[in-house]
Amino acid sequence: MTQLGHRRFRRLGSVVAVSAMGALTLAACGGGDDDSGSGGSGDAVDSFTFTFGNASGATDSPFQQLADAYSEETGIEIETKALPPDNYGLTLRTQLQGGNAPDVMVVSPGGGQDAAVLPLAEAGFVEPLDQTSEDLIPEGSEGLFTIDDKVYAQPTDITPVGMTWNVGAAEEAGVDAPTDQSSLLEACKASADAGKSFIVLAGAVPPNPGLMAMSISATRVYADEPDWNAQRADGDVTFADSEGWQDTLQTIVDMNEAGCFQEGFAGAGFDAITQGIGGGTSLATFVPGGAATEIMAHVPNLELQVQSFPPADGGTPYLLASPNYALAINAKADDATKKAAQDFLDWAADPENSAEYTKVSGGVSISGPGEDLSPVYEPVRDLLESGDFAPLPNLEWPNPSVYDSLATGIQGLLTGQGDIQSVLESVDKAWDNG
Amino acid sequence: MFRYTKATFLREVVVWIAALITLMPFYFLFITALKSDEEALTTGSSTPPSRPSVQSFADVLTAGGDSNILLGLLHSVIITVGSIMGMVVIGSLAAYVLARSTQRWGSVAFYLFLIAIILPTQLGLIPLYIGARQLGLVGSLWGMIVLYTGTLMPLAVFLYASFFRGLPRDYEEAAAIDGASPTRVFFRIVLPLMAPATGTVAILTGLIVWNDFFSALIFLGGSGNQTVTVSMYYYVGGLVSAWNKIFAIVIISMVPILTFYLFAQKKFIQGFAGGIK
Amino acid sequence: MTATIGTGPVVREGSAAAGDGTPSRPRRARPLITYGYWWWALPAIAMVLLIHYIATAGGAFYAFTDWTGIGDFNFIGLDNFKRIFEDPALIGSLKNTLFLAFGFLILTNLFGLLLALALNRSLKTRYLLRVLLFMPVVLSPLAVSYIWKFIFDFKGPLNSVIGWFGIEPKVWLADPTLSLWAILVVMAWQTTGMCMVIYLAGLATVSQDIEEAAALDGASTWRRFRSITVPSIRPSIAIASTLMLVQGLRVFDQVMALTGGGPAGDTETLATQVYKQTFALSNFGFGAALALILTLVILVFSVLQQAATKDRS
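Protein chains in written order, with my numbering: chain P, 1 to 434; chain U, 1001 to 1277; chain B, 2001 to 2313.
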């Protein structure tokens, strides 16, 4: 094998490579329609950048539709960037620190979730907003958006979190929505007898058991003490000493022993939920309210509703509902761009536009349940109207580790490891450390 | 002696069985990619499609905007090829002098590279991002090439140096005595002798660059220069993902890298059959 | 290319390709020729210093603070490290990491070498087979997660198959002990192909002539393997074992894809812990301290491993 042989081959190889790249380029540039504008530099006030996490899969995100509607009405161009939801918070924080952040971004209220806005505000990365934004905040949730009387994010809608209930499957099994703990356990048995599982749980993904715990805590902890999180922040109570939280975890253990969850739940992922609820082999699951609309959109002939998780025997019904997403403005953008961004936020706050958004997102309107309340929320309409709901607990927690210890601790309980007391103690530790 | 005997045939059969067992998980990959949108959501993962269709392939190849797969492929190809070339050139030069050096700085430098392989690059993410942004490397293809070349350089140098150490010095000495300069010795004699090493470096580093998601997301996410790994995630939703389309993309993105692998195998690794006359 | 010099070395045709590293003449005190120019190494060294050492040092600084990843921070000295050693979960992660790393090292090298030997020559379809066996290496973690989670699912094919043998179905990925083995299987499945490539490259340098000569002389297959093949693939053994050990100690993708570290942290490794703390849970300072500890662990084992596979020529 001589070196001439090498060279000949190499030349042939490079010819092939170049023509392949040429073909790809032609195909790609011809077919695709990519955003070529640099946007958001601030010179042109007729465009700005808008980033959000794209959790809708292959369908258009509600934020995309919001931006499109705005552009159509006002002619101002919005350069949207949909990022994968998994590392969304990290990408956002990196861009903010690198000076590369978008002008408008979707954030989570409070301090406990991935793209939480309060730490960003404390670090000076988001801009205080005007009165329109402040007026939109539901009563009782101010702490999630405000520092020192300045509002840093504008909520988009309210997401109730209860049990998502498959009406058809329930009818088939002859089971009614339970109203208290005893009827819940009975319903589990009845479902199992009918060959279905009462609840489909994604045990392998910590946020699902975590969400379940939070849904249960609504009636066990926050119904009697809606300000429990504030008390914890002051150090007056702890998770380990709280009867309500002990009861919450005990309920989960009881449900496990009563066979409420599907077989093999410990290793199941989110697709088990879609298949279980969509296919009617389970009656209920714990997902945010908007997911009900999403699943129904993909599975024909499916009727889902949101039920509140039943209280303990003799307790009062209570729900979790809070804004899960909010819009924020980059503090480092120039003034003209910030003004354009605030205009966009004001437009989104307008009741008509907000209602359009809510229809797509599947949540409840930010101003409360009205005539246009999605039929999915009929069972909890009363609770929503009377204000018998609390914000999602982990939004008010100081850092993401608290929720993580709770969720992984519950995973342990469900796989026979650890005990309730030590789980709660680890949650306390995560709170104090953060 | 190395004719194709019965024993060789037996060996071939055994390896084929091993290959089929190893590839069984790919069966699920392919049947899911061939399902229609509705079937992908409603049927279980092991049920074959009732009517196999290549619709998902057609859909992803013609999609535009953030999920433009063809564009993503192009970017991935450019970045990967550029990074490989950078690493082969810079890495082989560096590894050569390190491996041949008889002074202490040679082994110190070698350990410098070895430790760099071990260092957790996650820690350096934010400083790197800020630095790259100052240099205008964020969001550009060239920037990513520089980044990947630098990030994987320790691996390339380590691989090359390890191969170089196993190369006896006879050829270089003979060539030098014949009057060749060190540069000529390196490019005309040593490097061709190192074709298996080059092939290995190209395959391993190229693979890492091609499949990289995290850095591509942070540095290129949302820009017009996304790679195919990031564009793939457009179809991943929180609860409902279009798995048939996602796997169509996975299959499509495997083709270039496997083709390159075959090319590198034949040309670099086996093309050099153990003796330069 | 041959050259005969009066008093100098005689280059024997084909001998050098055996590559056993044994010098065929006495070592010289000073090299006869200049092997390249020292400044050839500068670009590479500069890049590595910048991108690896300086950037990482910047991040590592935060190991001594309580930085959350954004905003202000306080300097807290060694508090993070103290917290690490008091945390029982860390010992668990360390055990998992070591188990996975050594299991991985052994499995991939063993099967990689066997496959490379089998596919080295003579087989008619060896190129096709090489591509097929490399396919798992190329698969993205997203697909690995979906496919293998399905295989290990309670109602999945693996449980069906063991059902034929009368074994009860298991929850593979959520069982505290089984899940680690499941992860090891997937790790080995995905990376054996890479080891195979490294060994194929090494085997390519073994001269066919020498082997033929030895075979004609009557040496058995095993003897040929030991005396000719093994010495010439020593670089490959060194490379493959180093890379697989480092990669095994840093395993991340497969763990996150299959169990996410669960259930309840049973399959957490040091690398997944680092990622979780620095990025997911906004404990950048704590995570940075963990990362430094992980680096130390890998360093210790790498040094040991380098000493073990040192070329003793």
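The set of hints was computed from the structure by calculation and includes no laboratory data.
Treat the hints loosely; a few may be bogus.
Said to hold, decoys possible - Pairs of lysine-lysine residues, derived as PhoX-like cross-links and limited to a Cα-Cα distance of at most 20 Å, are as follows:
hint, chain 1, residue 1, chain 2, residue 2
1, P, K429, B, K2082
2, U, K1006, B, K2124
3, P, K339, P, K150
4, B, K2155, B, K2170
5, B, K2124, U, K1267
6, U, K1266, B, K2124
Fair warning: this is a prediction, and the values are worked out from it, not measured in the lab.
Which numbered conditions among the earlier hints are violated in the structure presented, ordered from lowest to highest? none
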